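*Asks:* What follows is the residue order along each chain.
2 protein chains.
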Amino acid sequence: MNFILLSGGSGKRLWPLSNDVRSKQFIKIFKNEDGIYESMVQRVYRQINASAPNSNITIATSKTQVSSIKNQLGNNVDICIEPCRRDTFPAIALAAMYLHDVKGISENDTVAVCPVDPYVEKEYFSTICELQNEAKNNSADLMLMGIEPTHPSEKYGYIIPETSDKISTVKEFKEKPDVQNAEKYISDGALWNCGVFIFKLGYIVKKAHEIIDFTDYYDLFDKYDTLEKISFDYAVVEKETNIKVMRFSGYWNDLGTWDSLTDEIPENIIGKAVLNENCENTYVINELNIPVLCMGMKNTIVSASAEGILVSEKEQSGSIKSYVDGIEQGVMFAEKSWGSYTVIDAQDESMTIKVTLNAGHSMNYHSHECRDEVWTIISGKGRTVVDGMEESVKPGDVITMEAGCRHTIFADTELQLIEVQLGREISVHDKQIFEL
Amino acid sequence: MNFILLSGGSGKRLWPLSNDVRSKQFIKIFKNEDGIYESMVQRVYRQINASAPNSNITIATSKTQVSSIKNQLGNNVDICIEPCRRDTFPAIALAAMYLHDVKGISENDTVAVCPVDPYVEKEYFSTICELQNEAKNNSADLMLMGIEPTHPSEKYGYIIPETSDKISTVKEFKEKPDVQNAEKYISDGALWNCGVFIFKLGYIVKKAHEIIDFTDYYDLFDKYDTLEKISFDYAVVEKETNIKVMRFSGYWNDLGTWDSLTDEIPENIIGKAVLNENCENTYVINELNIPVLCMGMKNTIVSASAEGILVSEKEQSGSIKSYVDGIEQGVMFAEKSWGSYTVIDAQDESMTIKVTLNAGHSMNYHSHECRDEVWTIISGKGRTVVDGMEESVKPGDVITMEAGCRHTIFADTELQLIEVQLGREISVHDKQIFEL
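Chains as they are written, first to last, in numbering that gives the first Met the number 0: chain B, 0 to 435; chain A, 0 to 435.
Hints in this document: simulated from the structure, not taken from any laboratory. Warning: the hint list may mix true and false statements.
As the list claims (entries may be wrong) - Cut-off 27 Å, straight-line C-alpha distance, at most; resulting in silico cross-link-like pairs (BS3-like, lysine-lysine): (1) B:K271 <-> B:K222; (2) A:K175 <-> A:K154; (3) B:K297 <-> A:K297; (4) B:K228 <-> B:K175; (5) B:K27 <-> B:K297; (6) A:K430 <-> B:K271; (7) B:K11 <-> B:K30; (8) A:K11 <-> B:K297; (9) B:K228 <-> B:K102; (10) A:K173 <-> B:K430; (11) B:K297 <-> B:K154; (12) A:K11 <-> A:K271; (13) B:K320 <-> A:K271; (14) A:K297 <-> A:K271; (15) B:K11 <-> A:K297; (16) A:K335 <-> A:K320; (17) B:K238 <-> B:K228; (18) A:K320 <-> B:K297; (19) B:K271 <-> A:K320; (20) A:K102 <-> A:K222; (21) A:K271 <-> B:K271; (22) A:K27 <-> A:K222; (23) B:K393 <-> A:K430; (24) A:K27 <-> A:K121; (25) B:K297 <-> A:K271; (26) B:K175 <-> B:K154; (27) B:K271 <-> A:K297; (28) A:K297 <-> B:K320; (29) A:K173 <-> A:K320; (30) B:K11 <-> A:K271; (31) B:K183 <-> B:K205.
Here the structure is a predicted model, which means the values were calculated and not measured.
Taking the hints into account, I'd like the entire structure generated from these sequences.
*Replies:* Right, dumping it as structure tokens:
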């Protein structure tokens, strides 16, 4: 079996824990069975591996997420990188061609496309496995999963099946409705469209060639930026006649807002915080190293990170996006394939950053045109290479690098350093990468 | 005229803006007439200088506040330092002896003792000047100011005057009552005791010698730690028969809690913050360099500093102290006579600090036994002295100092640096000071 996990999303709706480089699926706020915090992408990846061992999992995503994915799932994870954002149809077509041309998957093999961020129980993935078996047995060209609605939501598209059987042909699709129409659809037996699509690989290879003029994966990759932005629902699903839906009545939550997210968090506090006894239905998720004290708060979400601090009445947290759009701020933290960094001080002509390298990892060998840098090692052991010269480093060692100087650091153990950047125009884009 | 300003107080009730080294009177949250933020101590100092030009102002305080006072009022401010905390009677006695023996003030001169932190209009200080004139003319040995109560508060002691005249002899003192008794006192014409005492210097010199066995200021200073902790009200005021009170009906607020403090702040936002349109009666005071976003909050105070983040329903903010007592945290920011510092990262064996030196100032020449330090200059110009060697420094320069090495820095212009401290036992007490 094959899974394509679509990992998209912006960092606005779960600000300040998500930002331009960390989408919501990378926030570590769920506990796994060992009591260790994991992110949505780690949870879904673990659940698929448990439900369908030995299946191929490919993550379709943009360049900006590659570091976070490798940081959280390891360097061996299979990633199909979209050169730019082009909505779900081009993304699924590219990932399908990647399976076909790069991984050599047979056209007769089945593929399930899933969003990377639903909060579900393991039955969700066993249902997707069932659907792959149905597709394998030619039950229909395209199979969907439909979630049994719990309320007349305006946030989802609706699928209206012909019958109330577990698997039914699809009668009709409905766009996101108002509450009144949603109620009507639900009384007609409608299901929520949760973005899960199952087909044989050959089906989507054929569709891709019908809709886009290209030869193979490499050609499609090269012309990706010329493709029309179009959703898979619009380009394929709503035009398909040989289509079935399987209903799923298990637990499903799409965690799009702070309000829905806090429904799934097992504790009221993650990170350093104190709630006094007069707090009710209040959640603190604090990634800073300083404490939060809440007194007498009700139905409130408090979240703090290096990006900022959110204090929101729970229900209003859904409308956060437009306010966050108005906040001008550079990226203050990021996960990289080699570790992570946090901005701890930002001035006009300097920026101070705390860098953590995971054991056995190293940065790219790189230089900056417009800034000098100073590293002070604060923990761990490793080796720096500066303009070709390698040296061992330990806590207290200081490395100064002028603009133009090529540099990297290897972490032999987990290693932390304080980096002071100095220059008139400090930008993440000022970076030239070299072979070492 | 002489003023003794009592500057005491702990940093718990206005946490996180106050801490163990910054009492509430040093928080800059009021705007002066030029629109510049000033602290309570700056406001009171400015108001006295305006109401009674050419008077002597002496600040009676502990060692821990000296740096903050010099930072905010300048190096020429007159400070009488208490060697340790011994309540208001010893503090006032020491300050009186300081005026008498060090400053050479005549025993016939009048002195007003005032708390440093009431939020008042300038009429308050003209009333104190009137009281000093009354004392000069021998109206009574001891004169008090009594605030006309606005509500039956349980937070203050009450003074019951004989008559309702502007100046009256005192009939009786009452300890902090419950609301019911407070109502009764108020119907009897009682006033709040606001801790303002006026007398001729000779009066208190005599009282001090009656109660304490000492010769002069220097002797009293030396035996200060052996003195009994006793309040001026208990030791002197309640035993005095020749005592009068002047009523004050102008504006007075003691700003003891976040709730009362926010009543005096002209804007809902100080620092970086956004309130959405559904917020009501909500205040953000943010000293961090990251934004706060509030959505739909009502009657709420949000305050953030390097110490932590408070989110409190307004009325409950009064009971903050016991919760703050439970938070274990080193001092994360401080004002020094030469500038200020903020902890920006704290690890087990390292601490990273941002230091700002004001132009023309320098640190003490000092060393540490148990930690190495690295300075990276990020702005400004100055000179370092390291083990006797002076060198000019500019942004990008790095200075490494091993444990034991003596060092200081002079700021020729305002100068900022990032200091990384490295060692097993990092403590503010690990500091040896040398003559340069």
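*Asks:* Flag every earlier hint the structure violates by its number, smallest first.
*Replies:* 1, 6, 10, 22 and 31
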